[in-house]
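Asks: Chain by chain, the residues:
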Amino acid sequence: MSSTITKLNAPLTQAFDFQPSSELQLMPTPTLNTLTQQLAGFNTLTSALEYAAEGVTGYNFYDARGNLRSILPYSALRHNARTLARRLSGFNLPRGSRVAIVADTSPEFVKLFFACRYAGLVPFAMPIPVNLGSHVIYVQQLRGMLESSQASIALANIDYFGFLEEAVAGVTHIQWAGTPGKLSELPELDVELQPNHPDETAYLQFTSGSTRTPRGVIITERALMCNLQGIVRNGLEIKPDDRSASWLPFYHDMGLVGLVLAPMVTQISVDYLATRDFAIRPLQWLRLISRNRCTVAFSQPFGLKLCTLRVRESDLKELDLSSWRAAGIGAEMIRPETLRNFAEKFASAGFDENAFLPCYGLAESTLAVTFSKIGEGCKSIQVDSKTLIDKRMAVRLQADGRKQNEFVNCGQPLPGHIVKIVDEDGQQLSEMMVGSVLVHGDSVMTGYYNNPEETNKALKSGNWLDTGDIGFLFEGDLYITGRRTDVIIVNGRNIRAQDIEELAEQQPEVRSREASAFGVNDEDGTTTIVLVIECRLTSVAERQSLTTRLQQLVYMAFGVNCVVELVPPHTLPRTSSGKLSRFAARQGYIQRTNLTGQLSFVESGDR
Amino acid sequence: MTESNYDEIMQLLCDRLSSLTNSNAQITPETNLISQLSIDSIKLLNLIMEIEDTFDVSIPINALTDVQTVRELVDLVYKIKSAS
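In order, the protein sequence lines correspond to chains A and B.
Per my numbering, residue 5 is the first one in the first sequence, and the count goes up by one each step.
Per my numbering, residue 3 is the first one in the second sequence, and the count goes up by one each step.
Excised from the complex, chain A in its bound form (with noise of 0.2 Å):
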């Protein structure tokens, strides 16, 4: 065996900046497996894991400090996840039920994730608190998730028990709550555990941190293996030597779908930061890749950015990114910018810009849309900003000195999708003009659930899936402008305006219809969110305590600031129908405060 892979067959097993203890040393799984690879083409989730349970790789987990805590090969995870299927199917429920499991970075998670699927069981992952002050909102928002759900089993690692056994109180559907502990103490039924069928639910996805309309993405096994095959096969051309290494949290559809369940139907090892380990120290995630020789890592734009503040120069030094083939940026807006300055940072540790991989994707399509050309980079084109806001018409900048917008190419849609760009009757435009970005294809969602009035306004007839996003295509390739009013990206967080207008509605000052929240950007592209609030309140006082309240909610619900503006009744735009027009809102508050630069193009409208 050469030395190249001795070195790929044992990578890290310990501390960074740690001794290894002597008794105890815990060994990652290897990165070349003993069975033939195969990428994706399963029926379903749990007859991919069966297959990848015949080899040695899986999963590993590591602490804040870099040490591996603990592994989960495909081996075990299958053995486990059936044991505790057994367990689930002591409660008799209908095949279908929904059961909710808090997500944190944890091998219990994915045990428990497997076993529903075992059991004929749909689970969903919850997200764990990460604001200052968030526990009452957090756990209005796990109890609108348990209602809209109709989950019948609820469960959290110990850390999170507390908040769920708080949202679980008074929730009629739930038949039981617990821990991974204490479904363990549960008796085994001798079941025969039934094989899934393609068309059946395997999970769903939450998309909002709306405590009143959370909306859960349905995804079907049949959706789901067409857009694992599509991202391994076309997207990341996946071989038997790649590993993956991962802080995204594993409840949003990248940190799942891309960086759980892609690996395992690959059959490929991946090493887990958990999230907070990454925010607090992102270079962890960076040392990960360099010491395991990680190939394929994911990333939102704002994880790089964490990246680039952070390293010192003595960090550079013990870097070596080389390995790294694949660095895949989705999940918001990507602006070249801070891609450019990561490379830029980060070529002396052998990072190669080539291996970044734009591409575009929502969990409403399961995950990926689009990937860019693997191995070529970062591509984008120039275009005029004047065209560009009056004709909505993206031309490639001829002269210099005009003023000029630069969008990432974020690629071809994968096999079997198509994407289209309407204007705003749905009709399609051609190449360059820019509208509305809708997608067809068997990796889209059949709806959320329980929701039929959300899924009707994302859903088009023909099954054309309204992404919300705003774009061009140009060559066949996807240019993603913007997005539209009703979503604010901050921090490389979504969110939508819809849920901090309903929290501002909670409060009693605050009447239905009376508060528009949306974005604004700075110069160097930092997003502030504005809430606008038509009040009636006179007194200083109490001026001040509404604002201070709203602004505080904001962050606990959301973990970010915002600006309040309190302004006279009927002074936000209110269209024919007499629905707030969140884009009129944004434009009048920019005219207010004498903002430049910021009447946008890059919006239609509301949904």
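Note that these hints are calculated values from the structure, not bench results.
Positions of the beta carbon are idealized from the N, C-alpha and C atoms, including for glycine.
Honestly, I wouldn't trust all of these hints.
Capping the alpha-carbon separation at 30 Å, the derived lysine-lysine pairs in DSS-like fashion look like this [as the list claims (entries may be wrong)]:
1) B:Lys45 with A:Lys349
2) A:Lys321 with A:Lys395
3) A:Lys461 with A:Lys583
4) A:Lys383 with A:Lys243
5) A:Lys407 with A:Lys390
6) A:Lys464 with A:Lys424
7) A:Lys395 with A:Lys383
8) A:Lys321 with B:Lys81
9) A:Lys186 with B:Lys81
Covered, in the sense of this in silico footprint (three residues per stretch, anywhere, with C-beta under 8 Å from a C-beta of chain B), are these stretches of chain A [said to hold, decoys possible]:
10) 137 to 143
11) 159 to 167
12) 278 to 289
13) 559 to 566
A few chain B residues that don't get close to chain A, going by computed Cβ distances all over 10 Å [unchecked claim]:
14) Tyr8
15) Cys16
16) Asp17
17) Asn26
18) Ala27
19) Ile29
20) Thr30
21) Ser40
22) Leu46
23) Asp68
24) Arg73
25) Tyr80
26) Lys83
27) Ala85
Chain A is already provided as a structure; the job is to place chain B on it using the hints.
Replies: What follows is chain B alone, placed relative to chain A:
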């Protein structure tokens, strides 16, 4: 741990918070981190990293959900430090 340790933690956190937020306002135990200091997520992460490195503790993410004031943060660090 003794009372002086508690005061040390309080002093250190107040100092760090005032430089982190460039705030001229006096930071007291009752200062609200969210509404008065507008600690955003990046500043919060920086602060947690510094606390963890200075006091050699690990702050569990679930415990921060009950922290809103400087005093509550000091209580939490003190509790974790005493238990370790």
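Asks: It remains to establish, for every hint, whether it holds in the given structure.
Replies: Consistency of the hints with the structure:
1. B:Lys45 with A:Lys349: 22 Å, holds
2. A:Lys321 with A:Lys395: Since the Cα atoms of Lys321 of chain A and Lys395 of chain A sit roughly 49 Å apart, the hinted pair is violated (cutoff 30 Å).
3. A:Lys461 with A:Lys583: 15 Å, holds
4. A:Lys383 with A:Lys243: 24 Å, holds
5. A:Lys407 with A:Lys390: 7 Å, holds
6. A:Lys464 with A:Lys424: Between Lys464 of chain A and Lys424 of chain A the Cα gap is close to 13 Å, so the pair holds against 30 Å.
7. A:Lys395 with A:Lys383: 24 Å, holds
8. A:Lys321 with B:Lys81: Answer violated: Lys321 of chain A to Lys81 of chain B is near 38 Å, above 30 Å.
9. A:Lys186 with B:Lys81: Distance of about 28 Å is within 30 Å: holds.
10. 137 to 143: holds (count 4)
11. 159 to 167: holds (count 4)
12. 278 to 289: holds (count 4)
13. 559 to 566: holds (count 5)
14. Tyr8: 21 Å, holds
15. Cys16: 17 Å, holds
16. Asp17: Given that every Cβ of chain A is farther than 10 Å from that of Asp17 of chain B, nearest at about 19 Å, it holds.
17. Asn26: Asn26 of chain B is indeed farther than 10 Å from all Cβ atoms of chain A, at 18 Å.
18. Ala27: With a cut-off of 10 Å, Ala27 of chain B remains clear of chain A, as the shortest Cβ separation is near 14 Å.
19. Ile29: Ile29 of chain B clear of chain A: closest Cβ-Cβ about 15 Å, beyond 10 Å.
20. Thr30: Label holds. Min Cβ-Cβ 17 Å, cutoff 10 Å.
21. Ser40: Not fine: 5 Å to the nearest Cβ puts Ser40 of chain B too close to chain A.
22. Leu46: Leu46 of chain B is in fact no farther than 10 Å from some Cβ atom of chain A, at 6 Å.
23. Asp68: At about 5 Å from chain A, Asp68 of chain B fails to clear the 10 Å cut-off, so the statement is violated.
24. Arg73: 13 Å, holds
25. Tyr80: It holds; Tyr80 of chain B is separated from chain A by about 17 Å at its closest Cβ, greater than 10 Å.
26. Lys83: Holds, because the least Cβ-Cβ distance between Lys83 of chain B and chain A comes to about 17 Å, which exceeds 10 Å.
27. Ala85: 15 Å, holds
Violated hints for the displayed structure, listed by number in ascending order: 2, 8, 21, 22 and 23.
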